[in-house]
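A.B. asks: 242 is the number that the UniProt record's numbering gives to position 242 of the sequence shown; each next residue is one higher, with no gaps.
No wet-lab data here; the hints were simulated from the structure.
Owing to the predicted nature of the structure, the values given are computational and were not obtained by experimental measurement.
Do not rely on the hints blindly, as some may be mistaken.
Claimed, not checked - Quick list of simulated restraints, FRET-style, between CB atoms:
#  : residue 1 : residue 2 : range
1  : Ala328    : Arg212    : 37 to 43 Å
2  : Cys32     : Thr162    : 48 to 54 Å
3  : Trp93     : Tyr270    : 17 to 23 Å
4  : Met146    : Glu254    : 46 to 52 Å
5  : Ser330    : Gly175    : 18 to 24 Å
6  : Gly95     : Arg267    : 17 to 23 Å
7  : His329    : Pro24     : 29 to 35 Å
8  : Leu190    : Ala230    : 21 to 27 Å
9  : His233    : Pro123    : 50 to 56 Å
10 : Arg275    : Val336    : 50 to 56 Å
11 : Ala138    : Asp193    : 29 to 35 Å
12 : Arg212    : Ala150    : 38 to 44 Å
Every residue gets a Cβ at the ideal spot worked out from N, C-alpha and C, and that includes glycine.
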Amino acid sequence: MSCSEWFSIGDVVFHAQCTIMLTPRLPLYIPCAYIAFVYSSTVTVWRLRLPMFAQSAASGLLGGLFYCIYDLIGAKYLWWTWHDTDAAISERWLGVPIGSTMWTIVHCFCFTALIDALVLWKPRLSLVDCAKTTLFSALLTTPLMMLCMAPFQLHQLRVSFTTMQVTQMPGRPDGLALAAAIAAFLMILLGSDETVPASRMKWLSPRRQWDRLLAMICVVYCVGLVLLMALGHPEDVIATGVHQLYGECGVVEEDLSGYPRYAFLCREDYHEDYRVPEVKGTTTTTSEEAAGGGAGHVILCGRKTGPLVPREVPPKVGSSWYTLCGKAHSDYHRWVTTETVLALLCAVLYSAILFSTTAEKTQKKKSKSD
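Working from the sequences, and respecting the hints, build out all of it.
C.D. replies: This is how it looks when you write it as structure tokens:
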């Protein structure tokens, strides 16, 4: 979980308001979603019974695939918004920051490796072991992830040889960095021929009922997101909540990596897949509302809204709580096709691993009984 989600450090991502908010910035479903993609990828690759680093690489790739179809939906439907010019999220694919996809892959790799190193070699686990594992994985996964992400971005390092000073630090995940991470994990996964120690086999063995349940959940998850992308109407989204600070154009500040960025979102110069709303027409009162003492309505994001909708549109300078409007697909078929292909690949891989290992276990039981 990143600091910018719990607090306002960095001000990079801004989640939409939810029924249950843990903080003004963090809805309950976000940690639940993180648990889902980390748990599903970790447990699924256990069934492959691979050596530690190959297993962790497989977890990273599966976790990144599981999360990216959710990330694609969330960005389009304004479940969250991103800082418009921050370097760490400036490079994107279909609105999804490359840094977000890369973070997911490396995060799952690190988490799975830590779990393997901490507990999978033990024949039995006590409550103390579980508590230690929970504590160490919570404290070490993010720092380890940051260390592992750095080598993939070294091509961004710039040094002035005349002054021997660093003029540009890594910290801008791009297509080359993501490709390098994926290639590295594929090489680790495909190049491993080590044998799995017998002490780890207990934890890596299939659990037929639970594995099948997890596989079916993954399929339902993938199908649901595809249907949402295909049948939803992002142009109908009205996202009222905490967003990037609204203000004057051209005010420059430095991000956490020392890259320049614009401090404020401004109507005249932004490059996001949403629209900063403006009041269209004037506030009116119908005869029925007048008779009932109603306060009238205002046209917001193309909709006639009631008095409960905040009237601060367009946003006031210095405001971080305001409304953004969703936009229709600029290329509907591109979005839906990408979502469908990635979701299909995700469902097939998870199902193939989880169902094949349970089938293998069933076959072994039959052979013993014969």
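A.B. asks: Look at each hint and say if it fits the structure.
C.D. replies: Cross-check of the supplied hints:
For the hinted restraint 37 to 43 Å between Ala328 and Arg212, the CB-CB distance of approximately 39 Å keeps it satisfied. At about 52 Å, the beta-carbon gap between Cys32 and Thr162 stays in the expected band of 48 to 54 Å. Trp93 and Tyr270 have their C-beta atoms about 19 Å apart, which keeps the hinted 17 to 23 Å range intact. The beta-carbon spacing between Met146 and Glu254, approximately 19 Å, falls outside the hinted interval of 46 to 52 Å.
For the pair Ser330 and Gly175, the supplied restraint of 18 to 24 Å holds, since their beta-carbon distance comes to about 20 Å. The supplied range of 17 to 23 Å is met by Gly95 and Arg267, whose beta-carbon atoms lie about 19 Å from each other. A C-beta distance of roughly 31 Å is found between His329 and Pro24, which places it inside the suggested range of 29 to 35 Å. Hint check: Leu190 to Ala230, Cβ distance near 34 Å, so the stated range 21 to 27 Å is violated.
Taken as a hint, the range 50 to 56 Å holds for the pair His233 and Pro123, whose Cβ atoms sit roughly 54 Å apart. For the pair Arg275 and Val336, the beta carbons lie near 21 Å from each other, so the given range of 50 to 56 Å is not met. Separation of Ala138 from Asp193 is about 33 Å and conforms to the stated range, judged on CB atoms against 29 to 35 Å. A hinted range of 38 to 44 Å holds for the C-beta pair Arg212 and Ala150, which are about 39 Å apart.
Checked against the numbered hints above, the structure violates hints 4, 8 and 10; every other hint is satisfied.
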